[in-house]
Amino acid sequence: MNKANIYVCSKPLQYFNVTNLPREADTKNVLVIENRFKEAEKFYEKIKKIDRSWDEVIFLSNRIQLLALCLFRFRVVNFYYYLDWLLVPALMLYLLPAKQIYIYEEGVGSYRLDIFNKTSATRRKVRKWLRISEYPGLHPRVEGMYVYGAEFYKQRFEGRGKVLNVLSFVKPFNVMLAIMNSRAIELFEINQKETFQMISGCNVLVYISTWPFDISELSALNTEAYDYCIVKLHPHIQQFKEDKGDNGRFIFVGTTILAEVLISVLLENNNQLYIYHHNSTSTIYLSEKQHNIKSIRNIALHQDEYNIIYKGLKPAS
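Our numbering puts the first residue of the sequence shown at 246, with every later residue one more than the last.
Worth flagging that the hints you see were computed from the coordinates, not collected in a lab.
Honestly, I wouldn't trust all of these hints.
What follows is a list of derived Cβ distance ranges for each label pair [claimed, not checked]:
id, residue 1, residue 2, range
1, VAL371, LYS344, 22 to 32 Å
2, PRO342, GLY446, 24 to 34 Å
3, LEU332, ALA470, 28 to 38 Å
4, ARG542, GLY406, 32 to 42 Å
5, GLY404, VAL371, 19 to 29 Å
6, LEU340, ARG542, 41 to 51 Å
7, GLY404, ARG494, 46 to 56 Å
8, GLN310, GLN345, 15 to 25 Å
9, ARG368, GLY406, 11 to 21 Å
10, LYS556, LEU316, 42 to 52 Å
11, ASP472, ALA366, 45 to 55 Å
Quick list of in silico lysine-lysine cross-link-like pairs, DSS-like style, CA-CA up to 25 Å [claimed, not checked]:
id, residue 1, residue 2
12, LYS344, LYS370
13, LYS416, LYS291
14, LYS344, LYS248
15, LYS344, LYS273
16, LYS416, LYS293
17, LYS407, LYS344
18, LYS416, LYS556
19, LYS273, LYS287
20, LYS559, LYS539
21, LYS283, LYS294
Glycine included, every Cβ here is placed at the ideal spot set by N, Cα and C.
Use the sequences and the hints to build the structure in full.
Following this line, the structure appears as structure tokens:
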């Protein structure tokens, strides 16, 4: 079996992040895309065509296939995964024949302290018996955690388990976003000239949806005040029935495009943006001080933990 480093992602943001992880020139670097989001297989085909930086790109349906890949096809040196705190993935990591396992940030969930606050006492005892931590990056087999906010991650999790090995991505988030922007436009099939040519110099409401999403949530946003209302659907929404009488003013973006990239395209077209979201990771690195971002509003019902993370990760102005 060939030696390989395995990089796994299950949604577009994770692809963005694994691309920003270190690679070894003398070892085969394999990207694995899990079938866990809308049009995942189509996304995989695009990656194979556009991103030639990987030695191999593989599409898998579930974690059993992933485990089999590591058991029978490759001799895994470094394994990069997006979580280690949920039961099934954590058990898989125990079985994984990898020399070293790393977890990487995949959004605000990688900084949360409250993930298991509502878990029953019995289940928490089982988790403790299995030595599965309630906190990201603290699995017994994990060598280190890659995050964009290293100091904030240390502040949150120091002393809550084993000694932390906090690692930084190759490039800061905003630098990586700028590098990836042109590729992302092609990858996510957003043709700026065709899709958004009519949206230029306008007042635009950008709504980053929850999962699941109820279209009635838009009714409270006074959508009549804007020239266009763009709804960025969550990537886990597999099917969506559009039933909004919009006369062309409403645009539902159901592709796997990152919200960060969509916002960047709209800003390049000199639109003024009013952004609404539900604890979305994509707003962390945005600011109302940026040109043409008029407001950013979190309308989630439960914001306390998100607000702590938002302040901890927010770059200095």
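Going through the hints against the structure:
1. Take VAL371 and LYS344: their Cβ atoms lie about 28 Å apart, and the range 22 to 32 Å holds.
2. Checked against the hint of 24 to 34 Å, the C-beta distance between PRO342 and GLY446 comes to roughly 56 Å, which is inconsistent with it.
3. At about 45 Å, the CB distance of LEU332 to ALA470 disagrees with the hint of 28 to 38 Å.
4. At roughly 35 Å, the beta-carbon separation of ARG542 and GLY406 lies within the given 32 to 42 Å, and the hint holds.
5. The hint said 19 to 29 Å for the Cβ distance between GLY404 and VAL371, and at roughly 24 Å that hint holds.
6. Distance hint check: the CB atoms of LEU340 and ARG542 are about 44 Å apart, consistent with the given range 41 to 51 Å.
7. The beta-carbon spacing between GLY404 and ARG494, approximately 52 Å, falls within the hinted interval of 46 to 56 Å.
8. Between GLN310 and GLN345 the beta carbons are some 22 Å apart, a value that agrees with the proposed interval 15 to 25 Å.
9. A C-beta distance of roughly 18 Å is found between ARG368 and GLY406, which places it inside the suggested range of 11 to 21 Å.
10. Taking the beta carbon of each, LYS556 and LEU316 are about 43 Å apart, inside 42 to 52 Å as hinted.
11. Remark: the range hint 45 to 55 Å for ASP472 to ALA366 is upheld by a beta-carbon distance near 53 Å.
12. The straight-line distance between the Cα atoms of LYS344 and LYS370 is roughly 29 Å, outside the 25 Å bound, and the hint therefore fails.
13. Between LYS416 and LYS291 the alpha-carbon distance is near 24 Å, which keeps this suggested pair within the 25 Å criterion.
14. A distance of roughly 11 Å separates the Cα atoms of LYS344 and LYS248; the hinted pair therefore holds under the 25 Å criterion.
15. At most 25 Å may separate the alpha-carbon atoms for a hinted pair to count; LYS344 and LYS273 meet this at roughly 14 Å.
16. Among the hinted pairs, LYS416 with LYS293 is consistent with the structure: their alpha-carbon atoms are about 23 Å apart, no more than 25 Å.
17. Under the criterion of a C-alpha separation no larger than 25 Å, the hint pairing LYS407 with LYS344 is consistent with the structure, at around 19 Å.
18. Our distance criterion of 25 Å between C-alpha atoms is met by LYS416 and LYS556, whose separation comes to about 21 Å.
19. With a C-alpha separation of about 24 Å, the suggested pair LYS273 and LYS287 falls inside the 25 Å cut-off, and the hint holds.
20. For the proposed pair LYS559 and LYS539, the alpha carbon gap of about 18 Å is at most 25 Å, so the pair holds.
21. With a C-alpha separation of about 19 Å, the suggested pairing of LYS283 with LYS294 holds against the 25 Å cut-off.
Of the numbered hints stated above, those contradicted by the structure are hints 2, 3, 12, listed in ascending order.
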